[in-house]
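Asker: Could you slot chain E onto chain V? The hints should help.
Protein chains: 2
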Amino acid sequence: MLKIVLLGGGNVAQHLLEVFSKTPTTTVVQCYNRNLSTIENFQKHTEITNNLEQLKPADVYIIAIKDDAIADFSRSLPLTNKLVVHTSGNVPMLTLADKNRRGVFYPLQSFSKEKEVNFSKIPICIEAENEADLKTLQTLAEAISQHVYTITSEQRKTLHVGAVFVNNFVNQLYQIGSEICEENKIPFEILQPLISETSEKIKTLTPLEAQTGPAKREDTATINSHLKLLKNEDFKDIYKLITKVIIKTHGREKL
Amino acid sequence: MLKIVLLGGGNVAQHLLEVFSKTPTTTVVQCYNRNLSTIENFQKHTEITNNLEQLKPADVYIIAIKDDAIADFSRSLPLTNKLVVHTSGNVPMLTLADKNRRGVFYPLQSFSKEKEVNFSKIPICIEAENEADLKTLQTLAEAISQHVYTITSEQRKTLHVGAVFVNNFVNQLYQIGSEICEENKIPFEILQPLISETSEKIKTLTPLEAQTGPAKREDTATINSHLKLLKNEDFKDIYKLITKVIIKTHGREKL
Chain V
1 MLKIVLLGGG
11 NVAQHLLEVF
21 SKTPTTTVVQ
31 CYNRNLSTIE
41 NFQKHTEITN
51 NLEQLKPADV
61 YIIAIKDDAI
71 ADFSRSLPLT
81 NKLVVHTSGN
91 VPMLTLADKN
101 RRGVFYPLQS
111 FSKEKEVNFS
121 KIPICIEAEN
131 EADLKTLQTL
141 AEAISQHVYT
151 ITSEQRKTLH
161 VGAVFVNNFV
171 NQLYQIGSEI
181 CEENKIPFEI
191 LQPLISETSE
201 KIKTLTPLEA
211 QTGPAKREDT
221 ATINSHLKLL
231 KNEDFKDIYK
241 LITKVIIKTH
251 GREKL
Chain E
256 MLKIVLLGGG
266 NVAQHLLEVF
276 SKTPTTTVVQ
286 CYNRNLSTIE
296 NFQKHTEITN
306 NLEQLKPADV
316 YIIAIKDDAI
326 ADFSRSLPLT
336 NKLVVHTSGN
346 VPMLTLADKN
356 RRGVFYPLQS
366 FSKEKEVNFS
376 KIPICIEAEN
386 EADLKTLQTL
396 AEAISQHVYT
406 ITSEQRKTLH
416 VGAVFVNNFV
426 NQLYQIGSEI
436 CEENKIPFEI
446 LQPLISETSE
456 KIKTLTPLEA
466 QTGPAKREDT
476 ATINSHLKLL
486 KNEDFKDIYK
496 LITKVIIKTH
506 GREKL
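Chains as they are written, first to last, in this note's numbering: chain V, 1 to 255; chain E, 256 to 510.
In isolation and in its complexed conformation, chain V is listed as follows (with noise of 0.2 Å):
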């Protein structure tokens, strides 16, 4: 049974609480929030404390704080050779203070309070200065996940960027989408179907392969007709530029 200490209170922290709590392999010992009123529904899975000193012993402290307190708060705690590691895509594990034994345990997805996550799909992205320490995390993660990845700060940090393009940066054209109909009194449900398609065609073919549209086309007769209806002029803009990026790719593939 591999004992863990869960160090914050926020949507990290909740749904790592709620996973290892219900998988028989782990056990969540005791959380830890500054705010104790923050964690207060986490009673039902685990203690908790907002006092460092009181830290159980445990296998593996997780830090699942904002990404720029992580560095303070590794240094403050009264904790040496432990094995302590954060959650985030894009801070390096030697972030961490070096007084224990340092590692990363990055679970890429999004975690909204409002959505329930299901763990078995999530990609967890693991890395530790030692073997042992590895193997650990390892375990830790094969316990609640299908998929698991080793690999190290640079490549995390690389991949939290590819994160925010197909995340953060598709949900930004997603809403562009709602706000286009909403202005012209169309049900934006009616681009559900092709917002799935969309994401499930590049599970069988590449972007590459899967691209369509007026800009793949360079059919710019159409393309200047969308530029001429579209009154936002950030969204006229973000129209251009990947318009441009499409042709420039698809471009560059006939080469």
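The set of hints was computed from the structure by calculation and includes no laboratory data.
All the given hints hold, so there is nothing to weed out.
In silico EDC-like pairs for lysine to aspartate or glutamate, Cα to Cα no more than 20 Å straight-line:
#	chain 1	residue 1	chain 2	residue 2
1	V	Lys244	V	Glu233
2	E	Lys483	E	Glu473
3	V	Lys22	V	Asp59
4	E	Lys499	V	Glu179
5	V	Lys236	V	Glu179
6	E	Lys458	V	Glu182
7	V	Lys228	E	Asp323
8	V	Lys248	V	Asp237
9	E	Lys483	V	Asp68
10	E	Lys499	E	Glu464
11	V	Lys203	E	Glu455
12	E	Lys458	V	Glu200
13	V	Lys248	E	Asp489
14	E	Lys491	E	Glu438
15	V	Lys121	V	Glu18
16	E	Lys499	V	Glu233
17	E	Lys321	V	Asp219
18	V	Lys248	E	Asp492
19	V	Lys216	E	Glu434
20	E	Lys337	E	Glu386
21	V	Lys228	V	Glu179
22	V	Lys121	E	Glu444
23	E	Lys376	V	Glu200
24	V	Lys121	E	Glu455
25	E	Lys495	E	Glu434
26	V	Lys3	V	Glu142
27	V	Lys99	V	Glu131
28	E	Lys486	V	Glu154
29	E	Lys311	E	Asp388
30	E	Lys390	E	Asp314
31	E	Lys503	V	Asp234
32	V	Lys82	V	Asp59
33	V	Lys244	E	Glu488
34	V	Lys216	E	Asp322
35	E	Lys337	E	Asp327
Computed far set for chain E versus chain V, every beta-carbon distance over 12 Å:
#	residue
36	Ser276
37	Thr281
38	Arg289
39	Asn296
40	Leu307
Note that beta-carbon positions come from the ideal geometry of N, C-alpha and C, so glycine has one too.
Answerer: The following block gives chain E in isolation, referenced to the frame of chain V:
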């Protein structure tokens, strides 16, 4: 039984032929294409011809050819007072020659030859000059799809712009994600669950509610570290522009 003549030999014509052929209440009596060899394999479902003078009688003539060829082609048809529709998202109904009764039958999906489509989930947007023809198109659309919408040419055009954002542009962001992964020897499949989750999420949340990430949080440190990491100038430009628009969108929300 609704009798259909298909005019065209591309992806849309092929997929329509397949779905109408297997639907009990519709039949494709003929398919025309200028170049017969392109539609040779259509023969297992219907008669083929490359001679407009030999077009058969039908309830609906569906033009499924390139946008910019629709006007001229519709004028060249040796038909009068027939129901003639096109399948384009971007071409006004009145672009069709007025010697026939005009309409639109626009399946809102991106068709690749390589990938089968499930028509029952595809929204079909219809439009016609008179009630009786609209009724015919509705019957035709409902025979293959559960999602039929009557919308105007103007609405259809904006819908098509929306579709470009949520389909072609989203797919280009997937492409960028895959290039970023490839450059750093990370398997693109790591991002697949996040891609699915992102498109799934907006079935229950609005894109505005679903947004997460450094841009929404206005987390300048992460944004700058990402920009530093990106080498491709186009990717940098897209990162900056969409980040700006996300910040604006969610800033506006706070007002």
